[in-house]
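One letter stands for each residue in the lines below.
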Amino acid sequence: MRTFGGFVATDHVNLVVEPGARHALIGPNGAGKTTLINLLTGYLEPSAGRVELLGQDVTTMAQHERCRQGLVRTFQINQLFADMTVLESVAMAVSEQRGLGTRWWKPLAGHGEVVDQAAAILERLKLLPDAYERTRNLAYGRQRLIEIALALAMRPKVLLLDEPAAGVPTSESQELFETIAELPREVTIVLIEHDMNLVFRFAERISVLVSGAILVEGAPDMIAQHPRVKEVYLGESHG
Amino acid sequence: MTTSIRGTANADVLTRFRRSAHWKPLEYAFWCLPVLAYFAFPGNYLLLSQIAITGLFALSLDLIFGYAGVISLGHAAFFGVGAYTVGLMGSHGWSDPLLGLLLAALFAGIVGFLSSFLLLRGSDLSRLMVTLGVALMFFELANKLTRITGGVDGLPGITIGPILGVFDFDMFGRTGYIYSVVVLFVLFWLARRLVRSPFGQSLRGIRMNALRMPALGVPVNRRLVKIYTIGAAYAGAAGALLAQTNQFVSLDVLSFQRSADLLLILILGGAGHLYGGLIGAVVFVVLHDQLSDLNPQYWQFWLGLILVLLVLFARGGILGTAQQWIESRRQRTQARQRAGSTS
Amino acid sequence: KDLKIGLVLSISGPFADYGKQIRRGIDLYMAEHGDTVAGRKVQLIVKDDTGIAPQIAKRESQQLIINDKVDILAGYDLTPNAFSAAPLATEAKVPMVVMNAATASVVEKSPYIVRTSMTMPQSAWAMAQWAHANKVKSAYIVVADYGPGHDSQAVFTKTFTGLGGKIVGEVRTPVNTTDYSPFLQRLKDAKPDAAYFFVPPGSSMVALSKGFRELGLDKLGIKEMGPGDMTDESSLAALGDAALGFITAFHYSDAHDSPENKAFTAAYAKAYKDDRPNFMTVGGYDGMHVIYEALKKTKGDASGDAFIAAVKGLKWISPRGPVEIDPKTRDIVQNEYIRKLERVDGVLKNVEFDTFKAVNPQTP
Amino acid sequence: MAELLRMEQVWAGYGDAIILEDVSFTLAAGDSLALLGRNGMGKTTLLATLMGATRLRRGRIPFEGRDIATLPSHQRARAGLGWVPQERDIFRSLTVEENLTVVARPGEWNLARVYEMFPRLQERRANMGNQLSGGEQQMLAMGRALMLNPKVLLLDEPLEGLAPIIVQELLHIIDRMVRSGSMAVVLVEQHARQILPITRQALVLERGRVVHAGPSDALLRDDAALDAWLGAGATSESNHETTQ
Amino acid sequence: MTILFDGIASGMLLFLISVGLSVTLGLMNFVNLAHGAFAMIGGYACVVLLNDYGVPFLATLPFAVLVPALVGIVLERTLYRRLYAASDLDQVLFSLGLVFMAVAGAHYFFGAQQQPLHLPDFLKGQIHLPGLDVGVYRLFLVIVGLVVAFGLQWSVVKTAFGARLRAAVDNQRVARGMGIDVNRVFSLTFALGSALAGLGGALGVEMLGLDPEFPVKYLVYFLIVVSVGGSGNILGSLYAAILLGVADVVGKYYIPQIGAFIIYAVMVATLIFRPHGLFGRAHK
Ligand SMILES: Nc1ncnc2c1ncn2[C@@H]1O[C@H](COP(=O)(O)OP(=O)(O)OP(=O)(O)O)[C@@H](O)[C@H]1O
Ligand SMILES: Nc1ncnc2c1ncn2[C@@H]1O[C@H](COP(=O)(O)OP(=O)(O)OP(=O)(O)O)[C@@H](O)[C@H]1O
Ligand SMILES: [Mg+2]
Ligand SMILES: [Mg+2]
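Protein chains in written order, with our numbering: chain S, 1 to 239; chain E, 1 to 343; chain B, 1 to 364; chain F, 1 to 244; chain C, 1 to 284.
Derived by calculation from the structure, the hints in this document are not laboratory data. Quantities reported herein were computed from a predicted structural model and do not represent experimental measurements. Among the hints, a few may not be true.
Per label pair, the in silico range of CB-to-CB distance [unchecked claim]:
#	chain 1	residue 1	chain 2	residue 2	range
1	B	LYS297	E	PHE30	33 to 41 Å
2	S	THR102	E	PHE30	25 to 33 Å
3	S	ALA181	E	ARG193	39 to 47 Å
In the EDC-like style, the derived pairs of lysine to aspartate or glutamate whose C-alpha atoms are separated by at most 20 Å in a straight line are [claimed, not checked]:
#	chain 1	residue 1	chain 2	residue 2
4	B	LYS4	B	ASP35
5	B	LYS93	E	GLU140
6	B	LYS188	C	ASP133
7	B	LYS315	B	ASP275
8	S	LYS126	E	GLU27
9	E	LYS226	S	GLU204
10	B	LYS4	E	GLU27
11	C	LYS124	B	ASP241
12	B	LYS69	E	ASP170
13	S	LYS157	S	ASP83
14	B	LYS137	B	ASP218
15	S	LYS230	F	GLU97
16	B	LYS188	B	ASP218
17	B	LYS262	B	ASP301
18	B	LYS41	B	ASP68
19	C	LYS158	F	GLU97
20	S	LYS157	S	GLU65
21	B	LYS273	C	ASP133
22	B	LYS219	C	ASP133
23	B	LYS69	E	ASP12
24	B	LYS219	C	ASP121
25	C	LYS124	B	ASP218
26	C	LYS217	E	GLU140
27	B	LYS93	E	ASP168
28	S	LYS230	S	GLU204
29	S	LYS126	F	GLU3
30	B	LYS296	B	ASP257
31	B	LYS270	B	ASP68
32	B	LYS349	B	ASP326
33	S	LYS157	S	GLU204
34	F	LYS151	F	ASP16
35	S	LYS106	E	GLU27
36	B	LYS328	B	GLU108
37	B	LYS191	C	ASP133
38	F	LYS151	F	GLU64
39	B	LYS357	B	GLU260
40	B	LYS1	B	ASP301
C-beta atoms are modelled at their ideal positions from N, C-alpha and C, and glycine is treated no differently.
Work out the full structure, taking the sequences as your base and the hints as a guide.
What follows is the structure, given as structure tokens:
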């Protein structure tokens, strides 16, 4: 549970995500989805409640610790490094993932494996042509991809994606989702998205969050037919 | 646009990145300058060593500000700790310069380590003020302990022994100059490795977006403490050099003016390039010297004017502007090529 | 061959007024006595030390010695600057004429230093002597918390208690204090016969004396006294009537009644309208006198040893009164006058009314 | 329909970089234009150029007969251009309500109507701008532009991050506004399928140049063209692999 | 009691000389270190009129407000305007440059010496109440300070103008795009900041003195007040100034040995526990 002042943003949410799941989290704007991710990753502290990761209580664990345990997220609103080149950003993330972050002797560019892996990620997301472009000079949609690239660089065990496709054109969001779908099955993925085409195609299980509480949880078909979900979220066009 | 960048193309992309850490010809040229200066200006060794020392001091601030983005208006505190360490050692008969340098860096580093915890939260402005406050308290402390520090009058009569027992500090400051430049170079070289390492890269990340870093598994605070400590130690070394080459320490090593000038020098040269501080130091010290010779009463006016013009027309300091210029030229040629290919 | 004198002065920065007055003293002297001495034409090379900046002062001095090959170093308005340059004088065997820096130990830092200004102990000693002789039994000390303040406090305390007086309280105030009322409130509570002050002239002094009157301490009959730096002629305009009656001990007042001073002040007034000479002007003026006289004796030889030998024991009547260079310390022996701040013909003046003759500069 | 806004051979960009090259189009009162193109092709830049937030190199922008190309940005807003920036750019240190009232100009849209349209905003009216969820910010950006009571509404991916039900509602509202002729609309969107039905004409940008201009319904039917300019998936749910 | 009052009064003086900076730095987010230079202009305007033209003290105050405001407008139009989007540091550097020029300029025109100021008699002396001695000028400062603080709060911060200003500061580009005349809003605000600086400068002469180094000497104090108060908050500055003033005066009375430490210690402690100041919000 998390409150902001008197306002209850998430209210006694009990969400269990199975290992290896492809889980989507949907719900009206302001339902508390992003807040929930913030709670899971330690970006916010819960006012009450517990967070467990792979059987371990991480409620009091610092954000970066959770990340090192494999709990990785993307941000709904880009959080990037405006003055770094794309390659630098990703290489930095890779080196952190490999625990090289405190090495100060050998240049980053001299760590061959790191650079190779960063390049591989860029290639996968078709970002290589922009490898030397500064992040700030890229159009919004391409910046969105860097956000994903950084998350992939962290080799997540659990990946929390907050509207990854927002701002990415339909054609490219398809490819983006293929990249995500290609991730090994052990990686658990939680997805927030308002584009129902993507959600229904990708998710194996869906939770609907309304006003800070879980309304229903179930298989996509069930959700698509659920009258309350239609009423508060989907509207008429779907189902 | 081509989508398949496999094989050779990919390798090409990476070699460019790999090469980015190599020493560039311009850098070699830059480091010839102090050697040239040695022969070109034999009567100005004190000025030259002052440039080297100021450069080192600016470098120390660049590490914490230019890379990690922690702004400080109280860096003189560490400089002063270094200078007084050497001064007090010298006036109590511990005159070996290298030992002094080492201990000065060590003490400054310890003070830096302790005070870094005050800076972990807060905006630029509050950091500015906290660092300033800490430095002012150090200043007051040294001022109050007249018996130990000599107060405003300073600590005269510091004896500094010969370096390695061989090279004596002479009146012309020749030894002092060579010594300062060698120390500067060694520390610069270390700093250069540091900022290009993964650790250095993570500092840049923290500067650009500290909120994002924990989500990449980076313990931001610990990194900041580390670099702040290193920066403080560097500043302490610079202070030690000043005390040794001048054989004199007084309160002004801790003054607000010194911190403010330093910030100015770094920004003038361009923060976040390592060389910015050095170039800023050259320009500032020489300018100061020349202007105050030409027009002693109003040199401040000209300095002010230069600052204003600099900010209006050459933002990002000397190096920043040079970089922008190169980048915009690149863009222009690209645009021209594009125009050529589409039409 | 020209006689090159390198002047290191504060020409910009917070102490710019010092440099200005010393320079004027020098110029006045040269205007009166010509720019040639012992057959050598005097050439001044001026460097700005920008205030308390020992390494700049040292650098400028070094460049003067090495590049400009000056025969004599002079100026030095601030103690740390003089300290830092002293080893150079020793090493290069160049005479160094200190025209202001007033910490007692300056002359010890090099055998080639001669001082023509004053020392802190001189005025503090005279003030304590006078207080004792004038029925002041207890005093409260307020000094600025920096070197000169500490010095002044120590000498006053030592002399005054040595004579049997009592210090009923003392406080060191931050240098940049703008509001003295909390300190003065304490002073008021302590009810001393007199208050001994030493704060930098300028804004601090203005604030102090305004506060003193605002709390009505003057009406309680508490005497206000201190070294004459605080009421030097340059800062009187800003002080206004806020400090009328302030008693000081000092070596120079432009109201000093002697033919030498009359001539001096007249020359000053002619050269610089709307301004008055102060002790720094005299420091510069007498500094030039020492240089001229020494060179006359050595027949133009300005090498360190010859110069210093010639300077020792030099005696003359300065605008401030009779003075002598102590042969042992190369420091200046002079009268300390006790003065009271008054308006004379509408002009604020330090009016001398008592004298201690030939006061030793090194802790009398 | 009377001409309202026109772009004539406009070249514009940022700093030294030129992004838009020789762009022209015409918009009549009550007209609607879909602005399409893939990532980084200059859609946002075009809207920003209309608002005067880029560096205009060449070209004219007549609006109601007057060239606004040299007018400062705020006067263009007062003249009747309402902008919903792509990154929402909510004023962070203003409350939701202040965000709306600070720009308000007289007209049919007022606080009450905006709240009626987005009840969520009314619930959060005292929140600071930077304490809103992504979708709420999007609503607020939209509401803020409406408070200006513009003659032309420039919408940069306004549907992004909104719940489907709100998207449908918003599309309805835009459709209604366009049909009633009260406001002309320029709509940038990735989802061509969603907006082509409610707009009259369409413009496709490719690397800063106009590569297609024509009626929306024609383009909607022309799968091949859509594929070529906007990439696979823009037209259908099924996806093919590589495209240039 | 008297000590407490003196503390409040000295806090009020701190507030008055720094409130202009609360406006430019706090509300406009421009790190205007040249604040002291505007205050100095106000101070000189007051002193010159008073001493050279015999204008009565109170009558000089309008000039002390107008002259810097005009200078402020001119500088804003020509120079400051180009730097709103610049980084804090560029602003620091730029305004420091202005300070240097102002200091040299004041040297040139007015000389290095302290300027005298003679208050009219009705502002001098003390009123004696039982248990409380009130300095008349101090009382005057307290009243002016309160008027300025609350006046500003109700006329700028809480109004539509204030909202436009905050919007413009948050995002200039978009604020323009929403029809806000950012230039005008900034010009006016800057002029207001300069005017207040001038007022503070003129009122401060009596207690702080006035010489060309003024802008440098008190810079630290301006910054302390604004940062402790928290930027973007006029009343915050007021409370902070009073807190600092009282702490300073009371500290000096009871434990005079620690002198200048108090104010710095209070500042550092505040900023460690409340990094955005006592009343500030996270910003920028
Ligand atoms: N710092 C904060 N202070 C107060 N309220 C907040 C804060 N942050 C978020 N909220 C509120 O909490 C609610 C949940 O926000 P959250 O960002 O989690 O929504 P969401 O489900 O992600 O919505 P969307 O789909 O629009 O992104 C919103 O109504 C928002 O206004
Ligand atoms: N501030 C800027 N400075 C320099 N170049 C920029 C800037 N903003 C955008 N660009 C460049 O301009 C081009 C067009 O960008 P723009 O944002 O207009 O594209 P877009 O069509 O809106 O893309 P998207 O669909 O991703 O929003 C891109 O190549 C981008 O890199
Ligand atoms: Mg969200
Ligand atoms: Mg866009």
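Next item on the list: Could you work out which earlier hints the structure fails to respect and list their numbers in ascending sequence?
Entry: The structure conflicts with hints 1, 5, 7, 8, 9, 10, 13, 15, 17, 21, 23, 29, 30, 31, 32, 34, although it agrees with all the remaining ones.
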